[in-house]
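So the protein lines, in turn, are chains D and Y. Counting from 44, one number per residue, gives the positions in the first sequence under this note's numbering. Counting from 348, one number per residue, gives the positions in the second sequence under this note's numbering.
Since the hints were made in silico from the structure, they are not lab data. Every value quoted in this text rests on a predicted model; they were computed, and no experiment measured them. Be careful, since some hints might not be right.
Unchecked claim - Have a look at the derived ranges for each label pair, beta carbon to beta carbon:
(1) Y:SER659 - D:ASP232: 30 to 40 Å
(2) D:ASN292 - Y:ILE537: 54 to 64 Å
(3) D:GLY199 - Y:LEU467: 39 to 49 Å
(4) Y:ILE463 - D:GLN101: 33 to 43 Å
(5) Y:ARG578 - D:THR82: 21 to 31 Å
(6) Y:ILE636 - D:ALA346: 53 to 63 Å
(7) D:SER165 - Y:ALA417: 20 to 30 Å
(8) D:LEU141 - Y:ALA417: 50 to 60 Å
(9) Y:SER634 - D:ASP314: 23 to 33 Å
(10) Y:PRO664 - D:LEU141: 27 to 37 Å
The C-beta atom is built at its ideal place from N, Cα and C for all residues, glycine as well.
In case you want the letters, here they are:
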Amino acid sequence: MTTDTADTADVNRLATPPTFQSVSLTRRVKNGVATALVTLAFLIAVVPLVWVLITVIQRGFPQILDAGWWQKSLSGLTQRQKGGGVYHAIYGTLVQSLVCGVISVPIGLFLGIYLVEYGKRSRLAKTVTFMVDILTGVPSIVAALFIYALWVTTLGLHRSAFAVSLALVLLMVPVVVRTTEEMLKIVPDELREASYALGIPKWKTIVKIVVPTAMSGILTGIMLALARVMGETAPVLILVGYAPFINYNMFDGNMASLPLLMTVERNNPTDAGFQRIWGAAITLVLIITLFSLLATLLSRWLAPKTK
Amino acid sequence: MNDPVAPERSAGTGEPGAGRGASAVRNTSEVPIPPTSEADGKPSVVRPGDRIFKGLATGSGIFIVVLIGAIGLFLIVQAIPSLRIDQANFLTSREWSTGDVHNLRFGILDLLLVTIAVALLALVIAMPVALGIALFLTQYAPRRLARIFAYVVDLLAAVPSIIFGLWGLFVLGPVLTPFAKWLSEHLGGIPLFKQGNVLIELGGTIFTAGIVVAVMILPIITAVSREVFERTPIMHREGAIALGATKWEVVRTTVWPFGKAGYVSASMLGLGRALGETIALTIILSSTIKPFSGSLFDGGATFASKIALAASEFNDPKLVGAYIAAGLVLFALTFIVNAIARSIVAGHKEYE
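Bound-form chain D, shown alone:
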């Protein structure tokens, strides 16, 4: 670079000038600002979550401590009377979503199996994928209207809890299909080939090898989907009337559910109404949490054992 004397004079000088230069101030500032903003965004999302949960717990917790909350219905109580319970609504929520699950799971499971094991890239498979995509985007109120148009207007049947379950099926099937598809896709082909090599028919391979391997993931998806449909309010508003007492019959008469109870009691301006709304809210959150926890546990227990 310079003269010989300069080179020899500075014996401590590195053979090559330093490759690393310190990062300029503007770049460091930009980086810092970005990091701060991104972290802030996450904190912004946590605020409403915590806020909602605190609200629900604060306003609903006293009610669920009362044993009567879980054992009584609101039968015979006036708007102003406190006390009573919501077991009739819990029954409705559970039975409507379980019946929905019983119908949706086989349909969704077979659809997923069809898409991964049989359909591959056929025309029907593409159509099915497209239709499932559409179904995913159908707003719950439109699904409810469809069932109303089918069940009440066309078939001339009464509004009932079963109609609610049917509307929920429309919302649950796409979720089950998606999870089944994802889970079946990651089952290694070697497992299928090993089974075929032993002379096992394709359907038995699917039933005994492929599905059990993917079972943990599929079940988790199903439980989460059930938790989701439990909180759906639009179908119950349109397809079933509210009853303040227990009704075991899904096919006839009004039946309460937690979301329906909340919408009905919203028009009740008294203290009792306030207690019922938020009590039902915390009950619903508890049931959904329970299902999600169950989903996590199931996936742990059923996960394929690996060494």
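Starting from the known structure of chain D, fit chain Y onto it as the hints suggest.
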């Protein structure tokens, strides 16, 4: 499906026999296995179990296709009679009076405007926040904590919308009121912030509703964007790091260009959700007979909340038909938005 055996497998029910035959041929030199009848070149046996199972799987596929067709058909068939006797213009009228079945006057213009206003406000709020969260979870948060943090954001999706609605009206609304008042007093000159058609003190405005819906669509936008950002090729990122990029520069030069389309698609999915949101808006929005004035402090009803509010009065097919017609427009709207979202992703093979 990129292993070489796949084409053989897809031959259908034949492979068990074929597989056995092949192995028999290969093994003859070591252990003589008497060839079974299936390996004799005869077409392999199709078992009844296979036929039934394939039938069930394909049948469910056909069922779902028919079902969606039926949804559209049923809704259209039941909407047409009411549309015929509609005394107002369905697309351009702001009226909605369905009290007298013999003089139905309904138009969707106001519903459409309010629906779009709420959904757009929600999107404008949720998009940048969701982008930040997705980047935080994929690029910034420590690996171990990222999973827990992601779970926290997903929890937002698990809270039922009715609870968000109650929280929005009774808890968030009153908190926002002073801020909303300040906005309308100081920025009232801007049409967006002018005095609306409902009492601002009650909190049942598009402003409150948009914020609540923004919270509700956050997890969906975050989840989909996160998935895309995670697929940024590691070589791109490492290349940028090797060139001395700061974390932000890595994001800007590799993660963002790669994931941009996925993020837009995720936002469209969120928009679809916002358009169809029902019960939270039914609870929050104050109803009013005055038309939508273009202000954030208006009340009114969206398609979904209008239908939900009327649900208890469904007693006449003609009356229901009017709401079904509104439902059809909502269906079409969400369908278009979702289709755009899917087509964006479909154009990017690297996301697969």
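We went through each hint and held it up to the structure:
{"no.": "1", "hint": "Y:SER659 - D:ASP232: 30 to 40 Å", "verdict": "violated (54 Å)"}
{"no.": "2", "hint": "D:ASN292 - Y:ILE537: 54 to 64 Å", "verdict": "holds (56 Å)"}
{"no.": "3", "hint": "D:GLY199 - Y:LEU467: 39 to 49 Å", "verdict": "holds (41 Å)"}
{"no.": "4", "hint": "Y:ILE463 - D:GLN101: 33 to 43 Å", "verdict": "holds (35 Å)"}
{"no.": "5", "hint": "Y:ARG578 - D:THR82: 21 to 31 Å", "verdict": "holds (23 Å)"}
{"no.": "6", "hint": "Y:ILE636 - D:ALA346: 53 to 63 Å", "verdict": "holds (58 Å)"}
{"no.": "7", "hint": "D:SER165 - Y:ALA417: 20 to 30 Å", "verdict": "holds (22 Å)"}
{"no.": "8", "hint": "D:LEU141 - Y:ALA417: 50 to 60 Å", "verdict": "violated (25 Å)"}
{"no.": "9", "hint": "Y:SER634 - D:ASP314: 23 to 33 Å", "verdict": "holds (25 Å)"}
{"no.": "10", "hint": "Y:PRO664 - D:LEU141: 27 to 37 Å", "verdict": "holds (32 Å)"}
Violated hints, in rising order: 1 and 8; the structure is consistent with all others.
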